[in-house]
Amino acid sequence: MGDVRESVPESTAWESGSGQWRSAARKRAGTPRGGGREVRARIRLWGSLGTLVALVLAALLVPALAGNEGGVHYEAIRLPPSPEHPFGTDTAGRDVFVRALAGLRVSLLVAAVSALVSTVLGAAVGTIAGALGGWTDRLLMRVVDTVNAVPHLLLGIVIVALYRGSVVAVVLSIALTHWTAVARIVRSEVLSLRQRPYIDAAISGGATRWRVLHRHLLPAIVPQAALSAVLLIPHAVWHETALSFLGLGLPPHMASIGNILGDGREAVLLGAWWIILFPSALLVVTTLAVSGIAASWRDGVVPRRRSELAL
Amino acid sequence: MLSGTGLVAGYRKGTPVLNGMDIEIPAGSVVGLAGPSGCGKSTLARVLSLLQQPWAGRVSVDGAVVTGFRHAAPREQRTAIGLVFQQPRQAVDPRFTLWRIIAEPLHALGRSEELSGRVAELAEHLGVSDELLSRRPHEVSDGQLQRACLARALAVRPRYLVCDEMTAMLDASTTAALVRVVDEQVRDAGTGVLAISHDERLLERWAHRVVRLCPAPVWEGDRRPFRGGPTPDEV
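Line by line, the protein sequences are chains P and S. Everything in the first sequence is counted per this note's numbering, starting at 1 for the first residue and increasing by one. Everything in the second sequence is counted per this note's numbering, starting at 1001 for the first residue and increasing by one.
In case anyone wonders, no lab produced these hints; they're calculated from the structure. On a predicted model such as this, the values are computed, not experimentally measured, just so you know. Cβ coordinates follow ideal geometry from the N, Cα and C atoms, glycine included. It is possible that some hints are incorrect.
Unchecked claim - From the structure, some residues in chain S lie toward chain P, with a derived Cβ separation under 7 Å:
no., residue
1, 1051
2, 1075
3, 1108
4, 1109
Unchecked claim - Far from chain P, by Cβ distances over 12 Å, these chain S residues were calculated:
no., residue
5, 1116
6, 1141
7, 1173
8, 1177
9, 1200
10, 1201
Taking the hints into account, I'd like the entire structure generated from these sequences.
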């Protein structure tokens, strides 16, 4: 038996209108043929993972190994990139490479803690709203709307301004403004799960509200909540950078990407472009790596995206 | 006796699915419930299992009038009525093994001392092997899963059992096996059963009494669509 695709040319069978079918290899108009999409998705995942691991290792090891290399050296102010200083030096003669990696470590740590706190808070509010429903749900969702109505950066600035120069304040300013998205996602997930017959079966079997919540609902929302947390990390890095750039973020002695960019903006006018460029590039690469991992995860977790990828 | 009197229930305001339904399920007997799709069989099952509050009417369990539904119903009343769903795959937590599915009601009631013995007893009774007990729902067939669902419903020894199209998706041998187990419960433990099914021949052989739900005609034209109440037509 011959191959149907061989006997009827694909391009003529559908487009000429003579055939009532189209090739199984081409399931939807406009989608690329073959496995190009899957290959690209795999490259994105492994490329992002490799980049992030390399960056995290560098951020942990380089500042520790460099010792005093990242310290103040007045004889080496604003030196351009060279083999000795790959990213050049800043206005205090500090090596930008070492300082940027030390800053990345702080920024990532602050972002990860902020993402974790806001995810836990958002998941708790979303679960309570979805599971209890009624007035509790309406009240909590109006609180979410109220927080969303205020620009996040503005609200973050207010929180930081109250407790200036503290890492906890920066973490809280990010966490307390970004939990609402997680709360909405988790609430919709819980509302959908609540209608499932297995929840009815649990209630019929004598389960209390708390048991339904912690045995059935919470485990089911963990993948979505964890995904939200990972997606939040790059956003939190940028938020921390913005606060530090405005001088409201981390204390000046603590290197963060935002602090470095804030300190380096005047130096750009003196021609020291490397003080801004390299830390910014590091920030962009880190963000893309974390986003790449999160996007690959999302494609695996959310079936709709997975089916789109399969086409 | 599990009874519902003057039950009115539905999902959209103004269009009740059940309209003034009366039903009685005596202990130790099987009451069949037949009727076309959409006539309110599953709604009645949910109301009698205390999972859905009727708009009007009264449900009573062994003479005690039910005042709250779902979590608001006392645990003793909730667990007095077991429920088996039509689609077993929708009725189990996909993360649980079959053992945990059957054991869950006993866990919920804190009866951990009789846990392993009761699960093993039910599994053997329903033909669920030890190897199957360690599998998750996606690793077993619909029939095997429905056996586990019936075992779960019987785990806490309910006085009444509501089987909502329990055998609709199953082959003849599994249907026969499940019906035999339910019949043994009726005979030995005096359980009252509401057997809902499309299969009138099955109900004729299985049930002591069959109630037919017939939807009233739906008015068309200018008049507001009206879903009339079912007319109990006892055979």
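Quick rundown of the hints versus the structure:
no.	hint	verdict
1	1051	5 Å, holds
2	1075	5 Å, holds
3	1108	4 Å, holds
4	1109	5 Å, holds
5	1116	18 Å, holds
6	1141	18 Å, holds
7	1173	25 Å, holds
8	1177	21 Å, holds
9	1200	25 Å, holds
10	1201	27 Å, holds
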